[in-house]
Amino acid sequence: MNSCHEDDILRLNIYKDMLAQLFAGIPDLALLLKVEAEVEACEHFRYILLNPAALDSGIFHEDPIGKTIDDMLPEDLAELLNERYRKVCRTRKPLYIEDGKLTYEGHRFGDTVMSPVFGQGGRVSHILTVVKDYDTNILKTRQDLKITQDFLFTLMNGTKDGIVFWDLEGSILQVNDSFRRLFHYNDENIESQLTGKGTFFSIENRNYIADLSARLKRGEQVGTSSAVYKTEGGLAVYVDVTYFSLKMEDGEIYAFTGIYRDITREKHAVTASQENERRYRIIAENMTDLILLTDVTGVVQYVSPSFHHLLGLSEDRVLGKSVLENIDKRDIPKVSHTLVGIRKDLGTELVEFRYILLDGSFVWVEAKGSLLWESGTPYILLIGRDVTDHKAHEERTAMLAYSDPLTGAPNQKMFQELLKQAIYASERYGHPLAIVYLDLEADRTLLPTITEEQRDGLLRAAVMLMELSVGKSGVVTRVAGGEFLLLYQEFVEEQEVKDAVSRLLSQLALLAVPGLEDTEVWKSAAGIAFRSQAIGQAVELIESAQMALYRALEDRESRLAVFKPD
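If you want this note's numbering, it's the position in the sequence shown, counting the first as 1, plus 29.
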């Protein structure tokens with residue numbers, strides 16, 4: 030039971046207590062009788078509530094609660110009172126009997142007021158009788174009862190919840206204004222309940238109400254439940270409803286009350302939220318983007334199914350672990366920096382990193398990160414995509430910008446940049462450095478006899494031999510045609526370079542075309558220039574190596590020459 034229902038029930042209980050206290054505090058005799066007959070006849074009137082003054086008056090020799098006037102009073106007196114009560118039912122107006130002194134059992138009773146209490150459709154369901162002796166102020170009694178009645182209606186109509194009272198037969202006795210608004214009820218609807226034509230207590234609902242009434246009679250605690258009702262216009266009204274019974278002073282149940290809390294808006298909001306969640310889940314489960322949710326410490330709370338579909342990673346491999354756990358060590362610093370920025374709510378952050386897969390390989394991921402609040406708790410949302418192909422394309426594009434398209438070797442622009450760096454290192458640390466200008470000088474009689482594909486293959490094979498010769502620290506670039514520049518580093522003696530170039534020339538001479546193995550394709554020659562104080566700059570080194578090449582071309586035996594400054 031929610032707190033609002035508890036407050037309403039508390040107010041109603043307070044009212045019941047106050048009503049009982051006011052009723053008990055009336056110094057005159059106060060009697061409440063229930064009309065048990067058709068409206069036209071009003072033949073039987075049953076006592077259901079008497080105040081202490083009436084009980085102590087000596088009129089009744091036994092407890093009258095639940096008994097009729099005929100059961101409790103002498104025939105002549107009962108006939109007189111029945112006639113008066115029938116008149117109240119017929120006229121539907123209070124009956125005032127002034128100075129009508131009545132003596133019974135040695136007691137004298139004076140002014141009497143018989144007031145009708147209306148139920149559904151104007152039916153007189155009860156009659157409230159107040160009898161005073163000579164010392165009773167009848168006006169004061171009326172005022173007290175009016176205050177009580179006003180308090181009841183103020184209490185009922187002051188709440189936003191719908192309140193309904195119904196009797197033991199399931200007919201509605203009274204409803205408040207909120208009930209009318211909630212279920213679109215008017216007085217005609219209320220009156221129709223007496224004939225069973227109403228829509229609120231439908232056959233299905235009547236069966237439920239009958240079962241509910243039986244449970245309440247047995248003293249069961251029904252508590253709060255949820256239900257949906259249809260208005261006459263077909264609108265669905267969702268409510269939380271609490272039921273309890275109303276009892277007379279002797280504990281007998283005479284009516285029931287239901288308090289209806291309108292939760293239609295909340296129900297629709299929950300339904301809309303569930304529908305949105307379903308849609309978002311469908312999107313998340315079918316989108317190719319990688320969705321990852323972490324707490325502010327970076328521990329993963331949710332991963333989208335695409336992690337398994339695209340990366341082959343199950344939830345168990347990711348959930349509950351740090352988001353940095355599967356990121357390449359080289360990228361952890363920048364990802365950590367990005368997470369710090371997100372936690373500070375600096376806006377959307379974009380970061381690229383390598384994500385390690387189960388086989389040790391990685392994919393490039395580009396992710397957008399932002400701070401997300403859910404029920405007052407901050408989370409970090411990362412939405413990423415696999416950009417491995419894009420990165421590979423970037424690398425290929427960069428390589429084409431700095432490499433020879435045929436051989437894959439660095440182009441002259443890249444070579445010049447690397448040569449400058451090598452010269453700088455040589456100047457600073459004293460490392461030796463050598464430039465070799467090499468000319469493959471192909472056999473002119475052979476080239477026309479082979480295909481272009483064979484020529485390109487021979488050229489690429491020659492570049493591979495050159496790259497092996499210069500080592501990891503060296504660089505090879507194609508100048509034009511069959512001319513190449515080679516950068517040698519990490520040697521101690523100049524003779525090491527001479528020997529390496531000599532071996533390279535011998536290896537190049539062994540390259541052959543399939544089917545023409547005995548024919549020498551390349552008649553290569555090379556010129557070497559070692560960096561020194563005399564030739565320390567890039568242009569000087571290249572020109573010096575080229576001059577040495579010219580001399581080597583004239584030497585038909587060694588085909589190798591070293592530049593010597595004059």
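Honestly, the hints are just simulated from the structure, not real lab data.
From a predicted model like this one, the values you see are computed outputs, not experimental measurements.
There's no promise every hint is true.
[Claimed, not checked] Computed list of lysine-lysine pairs in BS3-like fashion (alpha-carbon distance at most 27 Å, straight line):
hint, residue 1, residue 2
1, K552, K420
2, K276, K358
3, K246, K63
4, K96, K296
5, K501, K358
6, K501, K527
7, K246, K449
8, K449, K358
9, K116, K96
10, K350, K373
11, K442, K501
12, K442, K420
13, K296, K276
14, K189, K122
15, K363, K189
16, K63, K397
17, K373, K358
18, K420, K363
19, K350, K363
20, K63, K189
21, K122, K96
22, K420, K397
23, K296, K246
24, K527, K593
25, K296, K358
26, K246, K276
27, K397, K350
28, K449, K501
29, K373, K397
30, K449, K397
31, K350, K276
32, K350, K296
33, K373, K363
[Unchecked claim] Label-pair distances were calculated between CB atoms; the ranges are:
hint, residue 1, residue 2, range
34, S343, P434, 20 to 28 Å
35, L348, G187, 45 to 53 Å
36, L353, P407, 40 to 48 Å
37, D528, E470, 47 to 55 Å
Beta carbons: idealized from backbone N, C-alpha and C, even for Gly.
Here is what the structure says about each hint:
1. K552 with K420: violated (41 Å)
2. K276 with K358: violated (77 Å)
3. K246 with K63: holds (19 Å)
4. K96 with K296: violated (48 Å)
5. K501 with K358: This hinted pair holds, its Cα atoms lying about 25 Å apart.
6. K501 with K527: Satisfied, since the Cα-Cα distance of roughly 18 Å is no more than 27 Å.
7. K246 with K449: violated (102 Å)
8. K449 with K358: violated (31 Å)
9. K116 with K96: At roughly 21 Å apart (the allowed maximum being 27 Å), K96 and K116 satisfy the hint.
10. K350 with K373: holds (22 Å)
11. K442 with K501: holds (19 Å)
12. K442 with K420: Roughly 23 Å between the alpha carbons, so the hint for K442 and K420 holds.
13. K296 with K276: violated (34 Å)
14. K189 with K122: violated (32 Å)
15. K363 with K189: At roughly 57 Å apart (the allowed maximum being 27 Å), K189 and K363 break the hint.
16. K63 with K397: violated (76 Å)
17. K373 with K358: Roughly 24 Å separates the two Cα atoms, so the pair holds.
18. K420 with K363: Distance of about 18 Å is within 27 Å: holds.
19. K350 with K363: Status holds; Cα separation ~19 Å.
20. K63 with K189: violated (31 Å)
21. K122 with K96: holds (24 Å)
22. K420 with K397: Distance of about 17 Å is within 27 Å: holds.
23. K296 with K246: violated (31 Å)
24. K527 with K593: Distance of about 14 Å is within 27 Å: holds.
25. K296 with K358: Roughly 49 Å between the alpha carbons, so the hint for K296 and K358 is violated.
26. K246 with K276: With Cα atoms ~10 Å apart, K246 and K276 stay inside 27 Å; holds.
27. K397 with K350: holds (20 Å)
28. K449 with K501: Holds - the C-alpha atoms of K501 and K449 are around 17 Å apart, at most 27 Å.
29. K373 with K397: Holds: K373 and K397 sit about 15 Å apart, inside 27 Å.
30. K449 with K397: Distance of about 39 Å is beyond 27 Å: violated.
31. K350 with K276: With Cα atoms ~61 Å apart, K350 and K276 exceed 27 Å; violated.
32. K350 with K296: Violated, at about 37 Å.
33. K373 with K363: The given pair, whose Cα atoms are some 16 Å apart, holds under the 27 Å limit.
34. S343 with P434: 20 to 28 Å: violated (43 Å)
35. L348 with G187: 45 to 53 Å: Taking Cβ atoms as reference, L348 and G187 lie about 52 Å apart, which means the hint holds.
36. L353 with P407: 40 to 48 Å: At 18 Å between Cβs, range violated.
37. D528 with E470: 47 to 55 Å: violated (21 Å)
Of the hints listed earlier, those the structure fails to meet are numbers 1, 2, 4, 7, 8, 13, 14, 15, 16, 20, 23, 25, 30, 31, 32, 34, 36 and 37, in rising order.
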